[in-house]
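Q: With the hints as constraints, model all of the structure from the sequences given.
The residues making up each chain are set out below.
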Amino acid sequence: MGHHIGFDIAHLLAGSMLVLSFVLLHQDRITAVLNIFALQAIVLSLAVAWQAVLQDAPHLLVTAGIALTAKGIVIPAALHRIVRRLGIHREIEEVIGAGPTMLTGLGLVVLSILLVMPAGRNVSILVREDLAFALAVILLGLLMMITRRNAVTQIIGFMSLENGLVLAATGAKGMPLVVEFSVAFSILIAFIVFGVFVFRIRERFDTVDVGALDRFRGERGEQG
Amino acid sequence: MAMIFDLLAQAAQMALVLVLAPLVVGVMRKVKARLLRRIGPPIWQFYIDLWKLAHKEVVLAPNASWLYRTAPYVIFATTWVGAALIPTYATNLMFSWSADLIAIVALLAAGRFALALAGMDVGSAFGGIGSSREMMIASLAEPAMLLIVFTVALIAGTTQLSGIAEIFGGAGVGLRVSLGLAMVAFILVAIAENARIPVDNPATHLELTMVHEAMVLEYSGRHLAMIEAAAALKLVFYFSLFSCLFLPFGMATADKGTDALVLGFGSYLAKIFLLAALLPIGETAVAKMRVFRVPIFLGGAFAAGALAVFLLFVSRSF
Chain A
2 MGHHIGFDIA HLLAGSMLVL SFVLLHQDRI TAVLNIFALQ AIVLSLAVAW
52 QAVLQDAPHL LVTAGIALTA KGIVIPAALH RIVRRLGIHR EIEEVIGAGP
102 TMLTGLGLVV LSILLVMPAG RNVSILVRED LAFALAVILL GLLMMITRRN
152 AVTQIIGFMS LENGLVLAAT GAKGMPLVVE FSVAFSILIA FIVFGVFVFR
202 IRERFDTVDV GALDRFRGER GEQG
Chain B
214 MAMIFDLLAQ AAQMALVLVL APLVVGVMRK VKARLLRRIG PPIWQFYIDL
264 WKLAHKEVVL APNASWLYRT APYVIFATTW VGAALIPTYA TNLMFSWSAD
314 LIAIVALLAA GRFALALAGM DVGSAFGGIG SSREMMIASL AEPAMLLIVF
364 TVALIAGTTQ LSGIAEIFGG AGVGLRVSLG LAMVAFILVA IAENARIPVD
414 NPATHLELTM VHEAMVLEYS GRHLAMIEAA AALKLVFYFS LFSCLFLPFG
464 MATADKGTDA LVLGFGSYLA KIFLLAALLP IGETAVAKMR VFRVPIFLGG
514 AFAAGALAVF LLFVSRSF
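In the order they appear, the protein sequences are chains A and B.
For the first sequence, position 49 (counting from the first letter as 1) is numbered 50 according to our numbering, and the numbering increases by one without interruption.
For the second sequence, position 316 (counting from the first letter as 1) is numbered 529 according to our numbering, and the numbering increases by one without interruption.
FYI, nobody ran anything at the bench for these hints, they're computed from the structure.
Do not rely on the hints blindly, as some may be mistaken.
Some chain B residues close to chain A (C-beta under 7 Å, calculated; not the full set) [said to hold, decoys possible]: (1) G253; (2) A316; (3) V390; (4) I509; (5) A516; (6) F523; (7) L524; (8) V527; (9) S528.
For each label pair, taking beta carbons as the anchor points, the in silico distance ranges come out as [to be verified]: (10) S125(A) - A490(B): 37 to 47 Å; (11) G253(B) - G100(A): 52 to 62 Å; (12) T471(B) - D29(A): 32 to 42 Å; (13) L482(B) - R30(A): 33 to 43 Å; (14) G100(A) - L482(B): 52 to 62 Å; (15) A338(B) - G212(A): 35 to 45 Å; (16) P508(B) - G212(A): 34 to 44 Å; (17) L116(A) - I494(B): 41 to 51 Å; (18) I494(B) - S183(A): 42 to 52 Å; (19) V111(A) - G382(B): 24 to 34 Å; (20) A467(B) - N123(A): 40 to 50 Å; (21) G100(A) - A316(B): 27 to 37 Å; (22) A58(A) - A316(B): 48 to 58 Å.
The structure displayed is predicted, hence computed values, not measured ones.
We put the CB at the ideal spot given by N, CA and C, even for glycine.
A: Structure follows, in structure tokens:
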């Protein structure tokens with residue numbers, strides 16, 4: 002067996018992120034979703050920090066720090082506040098078909114593995130694996146945005162998608178720090194926009210269920 | 214001489230699981246009772262119960278067929294053979310070549326088939342509902358179990374339990390996310406298969422949601438003793454399989470000297486009683502779920518098992 006401990010730990014951290022994506026997909030309580038998202042961000046920062054050690058690239062430690070403070074602490078705390086102010090922190094969201102969603106998620110994991118396998122023939126096994134995991138996390142984040150109806154959990158889906166992007170970017174050698182800064186910045190801006198947006202939806206429709214928007218746009222016939 | 218020693222080692226294994234099973238149940242009941250701030254029965258109570266049941270008169274329904282009378286012995290035999298073939302204190306015992314992981318799981322499935330048939334034999338409504346639910350749980354648990362088998366077999370390169378335990382006990386495997394996922398899936402499957410909370414409640418007869426107890430409701434006397442003993446053996450089976458796959462440390466492998474055997478016995482007993490203490494703690498912390506939530510519970514096990522297999526393919530070097 003040609004495995005060494007560096008590979009094992011990278012494998013463990015990236016795999017844990019994927020598992021946490023599945024937990025996010027399965028969880029239906031909003032506060033639990035927020036906590037799991039924070040945990041995923043913390044695991045992401047650990048994975049990035051480990052990549053910094055493996056690749057001997059200290060600037061990745063800055064990336065890890067950004068991921069930890071912004072997505073592990075600040076954004077979950079702010080979302081907790083929003084959820085509390087909206088009065089939906091006890092709400093249980095009806096996930097549409099937990100079983101089919103999980104099966105679709107497994108299908109997406111297979112898809113990303115099949116995609117990365119031929120593309121990454123010439124790179125090291127570590128990079129290939131990181132890419133496959135990252136692509137799966139991205140696709141699962143997209144799936145979460147599609148299947149959820151609550152605006153707050155849709156935001157979490159988007160943020161978790163971004164976690165996958167960072168994982169992919171750090172797995173490849175030599176990502177410039179400026180890219181990471183701009184991504185982190187745009188995420189923060191996006192978060193502020195989302196926050197305002199959620200309150201606007203709430204004001205207009207008395208709910209954060211985005212199903213209400215369909216009727217407003219005339220996509221669903223007026224009932225009654 | 215060596216042959217006699219091998220036979221003795223195998224016989225010791227068979228006797229060990231049989232003698233240990235009621236004690237494990239007793240320990241679990243005691244731990245659970247203490248967690249609920251009750252004193253609880255003494256830990257050897259289950260031996261006394263079995264002795265009492267074995268000497269009681271058998272009450273048979275007038276329309277019970279031969280199947281109803283033979284099923285308890287079939288269930289007991291399949292479970293005992295299965296439990297005796299798992300390496301517990303030493304690997305490569307005399308008969309361990311005769312069944313690999315898949316065959317052992319199939320043995321248990323045969324026992325469950327007999328139990329479901331027996332539940333429907335007398336024609337009472339409770340037996341029928343118990344059998345149908347047992348089959349529903351089995352049809353969901355077995356795909357997950359197979360995925361766990363695939364994961365373990367792909368990593369170890371063999372389905373022989375002795376080989377798996379020796380490979381996993383060595384240093385070559387390293388940290389594997391797949392094994393962690395397989396372990397989670399195995400715990401979920403084991404909870405469902407042994408009719409523990411949150412899937413089923415082993416301590417009650419009077420609930421509309423019961424599964425295992427509903428099937429054996431009509432049994433009495435020595436038949437009931439056989440079924441109860443088989444249930445205890447099944448628990449020891451899953452504990453042994455868990456410690457063989459995921460905690461294979463301290464087993465006597467190649468050299469079967471006295472020191473190695475004593476260490477093997479000691480570590481096996483420690484592992485089993487550790488698991489027997491942990492399971493009631495977990496059970497006390499959760500509430501029983503509705504029967505129709507069980508597919509979601511076992512779907513989680515299936516997803517974890519499938520993910521474990523997929524992840525193996527990513528990290529496999531081409």
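Q: Hint by hint, which ones does the structure fall short of?
A: 1, 2, 11, 12, 14 and 16
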